[in-house]
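S.K.: This is what each chain is made of:
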Amino acid sequence: MLLRLLPGDPANALVSVGADPAQIEAAREQVGSNLPLGEQFLRFLGSLARFDLGTSFISGVPVSAEIADRLAVTVPLTVLSFLLAILIAVPLGIVAAVKADRWYGAAISVVSQLGIAIPVFWVGILLVSIFAINIRLFPSGGFPSRGWADPSGALYALVLPILTIAVVMSSSLLRYVRSATRDVLGSDYLRTARALGETFPQALMRHGVRNGSAPIISILGIELASTFLGAVVVERVFSLPGLGSMLLLGIEQRDYPNVQGVLFVSTLLVLLIGFSADLAQRLIDPRLRDRAAGARS
Amino acid sequence: MTGPVFNGHLNQRRNVRTLAALSLVVALSASAAFPAAAQEDYDPDATVRIGSLYEPQNLDNTAGAGQGVSEVFNSNVYEPLFRLTDDGNVEPVLASDYSISEDGLTYTIKLHPNVTFHSGDPLTAQDVKFSIERVVAPESKSSRKNSLATISAIETPDDQTVVIKLSQRSISLPYNLSYVWIVNDAATSFTTSADGTGPYRLDGRRRGSGISLSRFDDYWGDAPTNKEVVFSYFTDATALNNALLTNAVDIITSVQSPDSLALFKDNPDFTVTEGQSTTKEVLAFNDRVEPFSDPRVRKAISRAIDKSKLLNSIWGEYGTLIGSFVPPTDPWYVDLTGVDPYDPETAKALLAEAGHPNGFSFNLDTPNYDPHPIVAQFVKSELAKVGITVNINIITANEWYTKIYQAHDFQATLQEHVNHRDIVFYGNPDFYWGYNNPEVIELIKSAEASATTEEQVEKLTTANRLIAEDAASVWLYLYPQIVVSANNVTGYPVNGLNSQFFVYDIRKN
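Order-wise, the sequence lines are chains A and B.
Letter by letter, the first sequence follows residues 1 to 297 of the working numbering.
Letter by letter, the second sequence follows residues 298 to 806 of the working numbering.
Treat the hints with care, since some could be wrong.
Label-pair ranges, simulated between beta-carbon atoms [to be verified]:
#, chain 1, residue 1, chain 2, residue 2, range
1, A, Ile-118, B, Pro-565, 31 to 41 Å
2, B, Thr-634, A, Leu-42, 50 to 60 Å
3, B, Asp-566, A, Ile-130, 38 to 48 Å
Coverage of chain A stretches by chain B, computed from C-beta distances (three or more under 8 Å per stretch; other residues unrestricted) [what the hints assert, rightly or not]:
#, stretch
4, 65-72
5, 126-134
Quick caveat, the hints were computed from the structure, so don't treat them as lab data.
We put the CB at the ideal spot given by N, CA and C, even for glycine.
Required output: the full structure, derived from the provided sequences and hints.
M.R.: Given below as structure tokens:
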């Protein structure tokens, strides 16, 4: 709705210099931008109720088809970076907490602070200059036009973007893992477990991981959602045909069906991620389940 | 500055296909002109990878797809009756022969026999009629629709003959037909699929990523010198440059970031070619409103801006200064840079004469993308020296169309005009800049009705001089057209007129 208040007209993206007023009017009629705002919105709601996201003004392709195409880039990008970030952050975060008084524990902390401070596009540019331009190991951007029909090419194209997101994401995740671990380390139950004769690693694995992971999972849910939305920047740096670049282009061209479609689908996904994080938390922490059960009775 | 050298030699198969080559590779192409050396080393089954910033929004040139659609499809997938070659000539393609009646109102065009579409359908006169009607149809968004308005009827006496009747003479008809793709009249969708007669068929497309073409084996003419062409699209000029540096693409069709040229210029692995561009950076006034309705004010502003300094600060040694809207590749070009040369003193005198001895202030609507914001800053500082205050108002490309192009609600604006032969815009008083000189309007109109090309050129040259003397707008500079390629690739067009990029002669070893 707000987007439609911006100056500009989707019909403008269809015409070029040289078009006469009649052609522009015809284009406006075609995209419906000559209708009152309220009617445009009602039309959108009406088709949404029929699970129809409409057709792009500019490309003439159904929005849902284009979103499906774009998700094939954004979802693997987000999920793989997320997994990689966990793989990096969890072990390093635990080490940083347990060995906080050793030099490498402190070093991990310092480096992760740096990682948080660096903007994500800068990490992308840095990785491109090292791994694409100097070492020529990975492509610097773009995505194979055959998509996942060329699986190695597609994966190859995603390596640097995934690394970029993983570096930034694991830095902040590592801080959370570290502080959660430190909380656990100072807890009474861990001391009790040690007193009962368990070795330190045993006690940490058995009681610490499960206790410490509850807050981490809620953070993970938020991080995953924000990575999904933040992929816009990385997609731009690497010229990837993902959901983020579709959104940006849609806004530039006032291609309302595309913008509405992307926003709708991303909102849906973010809600879904939040819901899954809540579920996972309950699985891990029985106290949450009990409280819920108690509330019911 | 080194201009391009055109090494035009006849190509056996297509009569007049021209190979343009840069002075750097002249030695190479000169030897290629000898038949014995023509068997140069190249892989006839190569895949040529082209990097571009201009992704077509859809696949139809009458549905607002943008300039990228010409780059991929013109003459590669779809062929016209007549083509605008890379050096600015018009040559027949699907038309094997044509004749014009005495009064210039009837064009009888014979089609090449044995031409088939990629789907296997034969090309007939009905397809041609359908294709032209598609461009002039009410729902067509083609910017050239008006130039075909003189067509009053299209007849198809037999399958191989098309007769085009005009309501008035139109000397540019063959040229204007170069914008018309000949499509299959049985096709159901043009925005998402393609069925042309060109040397390549559309292989695949991924939005946001690329389009691939592959050689059409039943092509009526001679086969291309490569097997597959992949256009990869980038949203960011740096990412595109990196792709060439890392061998992910072979050619960049049009370099838009001057800073990056240094990367390639001194590197022996790459060839940098400067061709003739048609893209003009224009400071356009709303000539309808005060004070810009006074030619003296416009001339004063033109003289107050040091255009060569501006060009140099943006493009370094590349680009060309122009004294009017007409680039050197248009037949009616004359050097008019001397009409309003940089001269702040006479600028001040002109302002005083026009009644603005202490200057005035105006709003400059500036599109928010490169190079316009930098140009606006430069114009602002130059005009401050003669007492004119410029308020820069940044707008988006989309707003530009609504506010300026349609509503004419502006004082002055910056815009890049990309088309070839677009002086006609100055003959339309309803165009956004509102330039209204009856003499120019008449010249441009009657030039189109000329009986001979000489007459047309003479009239448009006169119109060209008049708009320059009137300083209808300020023509800041002509963009350079720079193609960069890996040095194992040759045979690509260097001028890219009207955003075309013919790929069939590209050789890769």
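S.K.: Count the residues of the stretch 65-72 of chain A whose Cβ falls closer than 8 Å to any Cβ of chain B, and tell me whether that reaches three.
M.R.: holds (count 3)
S.K.: Return holds or violated for the Cβ distance of Thr-634 (chain B) and Leu-42 (chain A) against the range 50 to 60 Å.
M.R.: 57 Å, holds
S.K.: In terms of beta carbon proximity below 8 Å, does the stretch 126-134 of chain A have 3 or more residues touching chain B?
M.R.: Contact hint for the stretch 126-134 of chain A vs chain B: holds, 3 residues under 8 Å.
S.K.: Can you tell me whether the CB distance of Ile-118 (chain A) to Pro-565 (chain B) sits inside 31 to 41 Å?
M.R.: 35 Å, holds
S.K.: Falls inside 38 to 48 Å, the C-beta gap from Asp-566 (chain B) to Ile-130 (chain A)?
M.R.: 20 Å, violated
The structure shown violates just one earlier hint, number 3.
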